[in-house]
Amino acid sequence: MSASPQVAGPVTRRGAARRLVDRADAALTAPGPWYRLLEVHTLVALVIGLRLAVRDWTRIADRPAILTQHWTVVGWYPGAPPAWLLVTLQVVGLLGVVLVLARYRGRVGFVVAWVAYVTLCAWWGSSGKVMHNDVLTVTVAFPLLFSRPPARGETGSSVRFGWPPRAALAVLATVYLLTGLQKLRHSGLHWVFSDNMTWILRQGAVDRAGDLAAFVADHPWLAQGLAGGALALELTAPVWLAIRQTRWLFAVAALIMHTSIWWLLGIDYSAWVLTVAAVAIPMSLRPDRRLLRTRVAAPVTVTAT
Amino acid sequence: MVATRTGDGRAAAVGDERDDAHESRIARRVTIGTIVVLLLVALVQLELWPLTAFRLFSTVRTGDSAGLQLVAIAPDGTQQPLRLPGDQVLSTTGHQYPDLPHESAAVQRAKVRAWLVACGIDPADVAKVELVRTSRSAHASGTPQVTATKVLLEVTP
Chain A
361 MSASPQVAGP
371 VTRRGAARRL
381 VDRADAALTA
391 PGPWYRLLEV
401 HTLVALVIGL
411 RLAVRDWTRI
421 ADRPAILTQH
431 WTVVGWYPGA
441 PPAWLLVTLQ
451 VVGLLGVVLV
461 LARYRGRVGF
471 VVAWVAYVTL
481 CAWWGSSGKV
491 MHNDVLTVTV
501 AFPLLFSRPP
511 ARGETGSSVR
521 FGWPPRAALA
531 VLATVYLLTG
541 LQKLRHSGLH
551 WVFSDNMTWI
561 LRQGAVDRAG
571 DLAAFVADHP
581 WLAQGLAGGA
591 LALELTAPVW
601 LAIRQTRWLF
611 AVAALIMHTS
621 IWWLLGIDYS
631 AWVLTVAAVA
641 IPMSLRPDRR
651 LLRTRVAAPV
661 TVTAT
Chain B
528 MVATRTGDGR
538 AAAVGDERDD
548 AHESRIARRV
558 TIGTIVVLLL
568 VALVQLELWP
578 LTAFRLFSTV
588 RTGDSAGLQL
598 VAIAPDGTQQ
608 PLRLPGDQVL
618 STTGHQYPDL
628 PHESAAVQRA
638 KVRAWLVACG
648 IDPADVAKVE
658 LVRTSRSAHA
668 SGTPQVTATK
678 VLLEVTP
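Residue numbers (our numbering), protein chains in the order written: chain A, 361 to 665; chain B, 528 to 684.
Calculated directly from the structure, the hints in this document are not laboratory data.
Glycine included, each C-beta is placed from N, C-alpha and C at the ideal position.
Do not take every clue at face value.
[Unchecked claim] DEER-style ranges, computed between Cβ atoms:
| id | chain 1 | residue 1 | chain 2 | residue 2 | range |
| --- | --- | --- | --- | --- | --- |
| 1 | B | GLY647 | A | VAL458 | 36 to 46 Å |
| 2 | A | ARG604 | B | VAL564 | 22 to 32 Å |
| 3 | B | THR661 | A | HIS546 | 44 to 54 Å |
| 4 | B | VAL678 | A | TRP581 | 35 to 45 Å |
| 5 | B | VAL678 | A | VAL451 | 39 to 49 Å |
Hey, can you work out the whole structure from these sequences and the hints?
Dropping the structure here:
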């Protein structure tokens with residue numbers, strides 16, 4: 361069968377698009393080893409546990425009800441939550457993380473920890489400013505809510521173990537891409553090739569980094585280089601994260617970017633760094649290599665097809 | 528593929544294939560669904576935490592800036608700018624200042640009283656509170672100069 365030149369183009373493009381979709385689908389739903397899901401599931405739960413543990417959530421109760429904004433998922437709750445409820449949620453969330461770590465009802469534990477974390481973060485951020493400090497962890501953890509991590513003694517390779525870490529990786533890439541696209545949408549390349557970064561540093565630098573911020577701001581090529589590097593990293597995140605060998609490099613680059621933001625501007629994106637590491641580092645390993653060597657009883661396995 | 532745990536031959540293999548098909552459906556729905564929601568939320572600029580448009584430093588900064596500030600004025604005319612506590616929960620309530628002129632008089636009064644108390648000021652000691660817009664401009668040195676101030680609102684607490 362031959363196609364006329366007039367229809368060959370669209371047909372070819374549709375065929376190429378179809379092949380791309382099929383490849384993405386095959387990559388998402390390919391079998392994966394049991395330990396990779398366990399590693400990502402556990403590490404993301406640990407990030408949630410750390411965030412739950414280190415913050416004094418009772419400060420939410422100190423915010424007057426009249427100053428509580430309701431543009432969050434807990435906006436339906438009237439007024440300010442009492443301190444006892446906040447502490448209860450914190451403890452329940454931490455218990456959920458313990459269940460994940462103990463591999464006892466880990467799926468339920470993860471859901472409980474996530475719900476407690478989302479609720480507390482939503483209340484924390486109900487002051488009028490959109491807070492992004494924890495939103496990456498919440499978003500990346502979402503696909504893992506639907507996963508069934510391996511029970512004790514359960515091993516092998518299957519679709520069930522393979523897709524959740526890949527879904528988390530895809531969501532991670534999407535979030536970074538969106539942060540870059542929004543800069544282009546609202547500012548264009550002016551975000552890089554202007555005095556933008558210079559003024560961000562001049563107006564927002566914290567005291568400890570005043571000299572360094574002034575040095576960078578005084579050298580436009582350096583300020584524009586920083587801005588360009590940050591934007592390039594965000595826009596190319598899907599590429600870095602699609603290739604197994606470059607995933608750990610993305611984690612290192614994200615660490616450098618967020619640490620420099622924290623040092624210069626005092627904005628804490630540590631949860632982003634930890635979440636990137638929790639997903640990208642295990643997923644950068646060869647499929648036959650575990651993150652940590654643990655002794656596991658040899659399973660009885662069969663070759664199905 | 529390699530099936531798990533059981534050595535029960537053909538029946539187990541069929542069960543595993545069914546399980547794989549089921550998991551593949553969940554994988555597609557969850558992954559595509561999540562990404563589509565993220566894209567749509569960013570497209571329409573929705574902010575309903577944790578749904579967010581991910582606008583992180585997305586606007587261009589220049590040497591010109593403007594900020595809002597509440598200033599408490601005592602009966603003797605003494606002015607005291609309100610300094611919100613440093614913790615993130617209370618300090619970020621200052622992002623509600625732009626909405627204050629659009630609130631009802633009762634809400635304006637209640638919010639202003641709450642901010643005064645948060646700053647350790649007794650509302651009884653205050654004659655009025657002004658919402659002041661201050662415009663600043665900075666040259667290459669980075670030192671900002673106030674170029675204009677305007678009182679947008681007066682509230683009696």
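Tested hints:
Judged by the Cβ atoms, the range 36 to 46 Å given for GLY647/B and VAL458/A holds: they are separated by roughly 40 Å. Our hint of 22 to 32 Å for ARG604/A and VAL564/B holds, since their Cβ atoms are close to 27 Å apart. Checked against the hint of 44 to 54 Å, the C-beta distance between THR661/B and HIS546/A comes to roughly 24 Å, which is inconsistent with it. Checking the proposed 35 to 45 Å range against VAL678/B and TRP581/A shows it holds: the Cβ atoms sit about 42 Å from each other.
Taken as a hint, the range 39 to 49 Å holds for the pair VAL678/B and VAL451/A, whose Cβ atoms sit roughly 47 Å apart.
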